[in-house]
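Trainee: Protein chains in written order, with full-length UniProt numbering: chain Y, 1 to 450; chain P, 1 to 450.
Calculated from the structure, these hints are not laboratory results. Each hint should be verified, as a subset may be incorrect.
Copies of one chain are not kept apart here, so a pair can be met inside one copy or by any two copies together.
What the hints assert, rightly or not - Pairs of lysine-lysine, DSSO-like flavour, derived with a Cα cap of 27 Å: (1) LYS187 - LYS28; (2) LYS292 - LYS315; (3) LYS239 - LYS19; (4) LYS315 - LYS293; (5) LYS327 - LYS315; (6) LYS2 - LYS88.
There are 2 protein chains.
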Amino acid sequence: MKVCKFGGTSVASATQIKKVVDIVLSDKERKIVVVSAPGKRSSDDTKVTDLLIELANRALNNEDTTEACANVIARYEEIAQELNIDPKIIETIRQDIEQRVQSSKEDEVLFMDSMKAAGEDNNAKLIAAYFQSLGVEARYVSPKEGGLLVNERPARVQALPEGDEQLAKLKDEKGIIVFPGFFGFTKNGTLRTFNRGGSDITGSLLAAATDATLYENFTDVDSVFAANPMVVDEPEAIKEMTYREMRELAYAGFSVFHDEALMPAFRKSVPVCIKNTNNPEAPGTMIVSERKKPSNRPVVGIAADDGFATLYVDKYLMNQELGFGRKLLEILEDEGISFEHTPSGIDNMSVILRTEYLTPENEKRVIERVQEELQPDHVHLEKDLSMVVLVGEGMRHTLGLASRAAGAISRSGASIQMINQGSSEVSLVFGILTADETRVLKSLYDEFFK
Amino acid sequence: MKVCKFGGTSVASATQIKKVVDIVLSDKERKIVVVSAPGKRSSDDTKVTDLLIELANRALNNEDTTEACANVIARYEEIAQELNIDPKIIETIRQDIEQRVQSSKEDEVLFMDSMKAAGEDNNAKLIAAYFQSLGVEARYVSPKEGGLLVNERPARVQALPEGDEQLAKLKDEKGIIVFPGFFGFTKNGTLRTFNRGGSDITGSLLAAATDATLYENFTDVDSVFAANPMVVDEPEAIKEMTYREMRELAYAGFSVFHDEALMPAFRKSVPVCIKNTNNPEAPGTMIVSERKKPSNRPVVGIAADDGFATLYVDKYLMNQELGFGRKLLEILEDEGISFEHTPSGIDNMSVILRTEYLTPENEKRVIERVQEELQPDHVHLEKDLSMVVLVGEGMRHTLGLASRAAGAISRSGASIQMINQGSSEVSLVFGILTADETRVLKSLYDEFFK
Numbered sequence: 001m002k003v004c005k006f007g008g009t010s011v012a013s014a015t016q017i018k019k020v021v022d023i024v025l026s027d028k029e030r031k032i033v034v035v036s037a038p039g040k041r042s043s044d045d046t047k048v049t050d051l052l053i054e055l056a057n058r059a060l061n062n063e064d065t066t067e068a069c070a071n072v073i074a075r076y077e078e079i080a081q082e083l084n085i086d087p088k089i090i091e092t093i094r095q096d097i098e099q100r101v102q103s104s105k106e107d108e109v110l111f112m113d114s115m116k117a118a119g120e121d122n123n124a125k126l127i128a129a130y131f132q133s134l135g136v137e138a139r140y141v142s143p144k145e146g147g148l149l150v151n152e153r154p155a156r157v158q159a160l161p162e163g164d165e166q167l168a169k170l171k172d173e174k175g176i177i178v179f180p181g182f183f184g185f186t187k188n189g190t191l192r193t194f195n196r197g198g199s200d201i202t203g204s205l206l207a208a209a210t211d212a213t214l215y216e217n218f219t220d221v222d223s224v225f226a227a228n229p230m231v232v233d234e235p236e237a238i239k240e241m242t243y244r245e246m247r248e249l250a251y252a253g254f255s256v257f258h259d260e261a262l263m264p265a266f267r268k269s270v271p272v273c274i275k276n277t278n279n280p281e282a283p284g285t286m287i288v289s290e291r292k293k294p295s296n297r298p299v300v301g302i303a304a305d306d307g308f309a310t311l312y313v314d315k316y317l318m319n320q321e322l323g324f325g326r327k328l329l330e331i332l333e334d335e336g337i338s339f340e341h342t343p344s345g346i347d348n349m350s351v352i353l354r355t356e357y358l359t360p361e362n363e364k365r366v367i368e369r370v371q372e373e374l375q376p377d378h379v380h381l382e383k384d385l386s387m388v389v390l391v392g393e394g395m396r397h398t399l400g401l402a403s404r405a406a407g408a409i410s411r412s413g414a415s416i417q418m419i420n421q422g423s424s425e426v427s428l429v430f431g432i433l434t435a436d437e438t439r440v441l442k443s444l445y446d447e448f449f450k
Numbered sequence: 001m002k003v004c005k006f007g008g009t010s011v012a013s014a015t016q017i018k019k020v021v022d023i024v025l026s027d028k029e030r031k032i033v034v035v036s037a038p039g040k041r042s043s044d045d046t047k048v049t050d051l052l053i054e055l056a057n058r059a060l061n062n063e064d065t066t067e068a069c070a071n072v073i074a075r076y077e078e079i080a081q082e083l084n085i086d087p088k089i090i091e092t093i094r095q096d097i098e099q100r101v102q103s104s105k106e107d108e109v110l111f112m113d114s115m116k117a118a119g120e121d122n123n124a125k126l127i128a129a130y131f132q133s134l135g136v137e138a139r140y141v142s143p144k145e146g147g148l149l150v151n152e153r154p155a156r157v158q159a160l161p162e163g164d165e166q167l168a169k170l171k172d173e174k175g176i177i178v179f180p181g182f183f184g185f186t187k188n189g190t191l192r193t194f195n196r197g198g199s200d201i202t203g204s205l206l207a208a209a210t211d212a213t214l215y216e217n218f219t220d221v222d223s224v225f226a227a228n229p230m231v232v233d234e235p236e237a238i239k240e241m242t243y244r245e246m247r248e249l250a251y252a253g254f255s256v257f258h259d260e261a262l263m264p265a266f267r268k269s270v271p272v273c274i275k276n277t278n279n280p281e282a283p284g285t286m287i288v289s290e291r292k293k294p295s296n297r298p299v300v301g302i303a304a305d306d307g308f309a310t311l312y313v314d315k316y317l318m319n320q321e322l323g324f325g326r327k328l329l330e331i332l333e334d335e336g337i338s339f340e341h342t343p344s345g346i347d348n349m350s351v352i353l354r355t356e357y358l359t360p361e362n363e364k365r366v367i368e369r370v371q372e373e374l375q376p377d378h379v380h381l382e383k384d385l386s387m388v389v390l391v392g393e394g395m396r397h398t399l400g401l402a403s404r405a406a407g408a409i410s411r412s413g414a415s416i417q418m419i420n421q422g423s424s425e426v427s428l429v430f431g432i433l434t435a436d437e438t439r440v441l442k443s444l445y446d447e448f449f450k
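Chain Y with its partners taken away, still in its complex shape (with noise of 0.2 Å):
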């Protein structure tokens, strides 16, 4: 039994939508359905989750919903008429979609969560209607409905394992579940939404309950390449990969997939496959627990990514002062501030961490904190810094490999700002200078695909 999951711009209109009922259908292992909101049939589209937040927005200042809301509406409209679809699933749309805007606004953020969710859970209800007007068993299920728990506010959102065994229990009905994604229900009814990972997320955890002999994931590419298509040209496509070797591309700008949303599938080491509804002879890529023979490339992929910054902290005899960079690592966790590396000289240590953590305020409070506390002989932060990452399995035995790597590094012109090896197996990362990321990609590519 598989489980399928449809990206936005797969089920975006009315000839998408038939591509993922062909598709469903061309094989009987396929009875997880999980479906994404309608998102852009073309680059200047609006995707319907977009339009939900204008509407909820509307509705929490008071505005008038009713152009808003028409135009939520007349999406699903249109690819109900285009479909053949009995208008009464519309009719459920419009209530649905009005029910959620005259809801409670007391809580904004659970308001917005719930108007967010509207466009999965009724693409999901026109989905299955689709399935059933071509005489298709098969019935819409609500997470609420399914199992999907997750846990209260404030915490961020996750999911609970006790939804596990009811989720199970999806995959012994009969016919085709068509379920959305994005979003669960606490225990005591509440929705929230997934903010990272989204529908992914929801397909994963149903591919894991339901002990899935795959998990389909249908995008809109044929599948992972092993460099950034709009860096190098015709990049080589990804057949197969581990778990691992993805979760290192995922951290450096490979954006297939969000971290976390292959957490269940990884714990259950159900293989996932990244699959293009518009393209679906293609084999697609594999991600699996182990590969079954060895790749003959040491590097499956090479990421980068912008937006780090080192923190470099000196100080003589440092080493000595046991401690020293724990308490370094507990001001920036006083702060929130998560860290990515932390290379190290005899007397100095310098934590690489990502922009986005800070603000004016909290570098400020860093710094003087590491000054007042650490009384170091320098303390300082640097920008624009990008991490390249080189990934695969093969990587630990192979000879010579950083030394071909920061060979082509140099080549490029860039110089090495950090180089960082040792206990992943399967990754290498370089800090650079964010101005030399691009040339510094092409030429790791040259050096390990060409």
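Starting from the known structure of chain Y, arrange chain P on it as the hints suggest.
Mentor: Here is chain P on its own, set in the frame of chain Y:
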């Protein structure tokens, strides 16, 4: 005004002490002379300090001390006779040592400190007497009179800055000051020895307190070499290096100076010169705050040291757990284990530490606590690691250096276990298997010096 310190082999015999006196008298700036205890005269000889430890142990065990005591005094007597010094000095030394042997053994650590310090203390008295016998204005100054104040037990012995004012007065004395290295006195007059860095610290403290123009450290080599002469054939001499370079090299096996020994001179920017008592004409190695003209080599030295281990911890989504790294370091800190480097991947973190800090007990506790408190997917400890450090102020600005280094390591057939670059501007650290250390060092030396 210069402070000169002479190491054990430089003051091991009458012949050597004559060289010391010649050196001191050949430059009027050489005013404060710090001396060690008589060291080995040949490779199978016993240092006076070791004779004193033997004597102290016999005294602590209530064994007969007559012969052990005579062995110590015989060394001084032989020197005094050969130097034709008034035999009264031997009486002074005999009384001093007998007094120490008779002193309270209630606190064994303090008794041992006092016994060991007799080596330097009496050698200073003897050398001062020799200067006087030559008609030179010179006198022995005890650390108590001079003002070399140290902290109280049980904290690790360190000099107190309160002593500096009195020490500074030494520069205004007439004639030559002969000062014993290796120990100081607490405010209430208890003798304590420096357990790390020995007499080098005394010289460095005096040079700093007296604002010396130079701290000359006389030993038995012409200079510091760019690599270990036991491994690399005839390595290049280093003419000049910075404090930072010295620190980084000292960290990984360059045993010319202990870390802490340079600290006082460093804080006051007193330049240090390492010279050879047996070849005082050789220019030696200068250690300075900043080079006057940049070196034409990016790397000034390559050091290697074994005895490292890696604690590896792996947990899916680790980098989203704020405080994970801090907690890991805290567990080590609770066990009193310092760490050297912490390379990290996306979902993993390694802590490189010195195996000398590990015991079967604390190793077991660390692993258990990591498992319980951090709930990792995996944790394990790997030993038999060596660190190889390339050091040079010019490294940061040299493109392709990491690539050349990694290439040289690969060519030696070794695999790189860890690379740490990015915090220190003057060093690049590679982790390798200890079994590969010799060939890696040779290969790196050939790459950067041949």
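Trainee: State for each hint whether it applies.
Mentor: Evaluation of the provided hints:
For the identical chains of this complex, LYS187 and LYS28 are neighbours neither inside a copy (33 Å) nor across copies (88 Å), given an alpha-carbon limit of 27 Å. For the homomeric pair LYS292 and LYS315, the shortest alpha-carbon distance between copies (23 Å) is at most 27 Å, but the shortest distance inside one copy (49 Å) is not. Taking the shortest alpha-carbon separations for LYS239 and LYS19, only the intra-copy value of 23 Å comes in at or below 27 Å, while the best inter-copy value is 75 Å. In this assembly of identical chains, the alpha carbons of LYS315 and LYS293 lie at most 27 Å apart only when taken from different copies (25 Å versus 49 Å within one copy).
In this assembly of identical chains, the alpha carbons of LYS327 and LYS315 lie at most 27 Å apart whether taken from the same copy (14 Å) or from different copies (22 Å). Taking the shortest Cα distances, LYS2 and LYS88 never come within 27 Å of each other, neither inside one copy (30 Å) nor across copies (99 Å).
Of the numbered hints stated above, those contradicted by the structure are hints 1 and 6, listed in ascending order.
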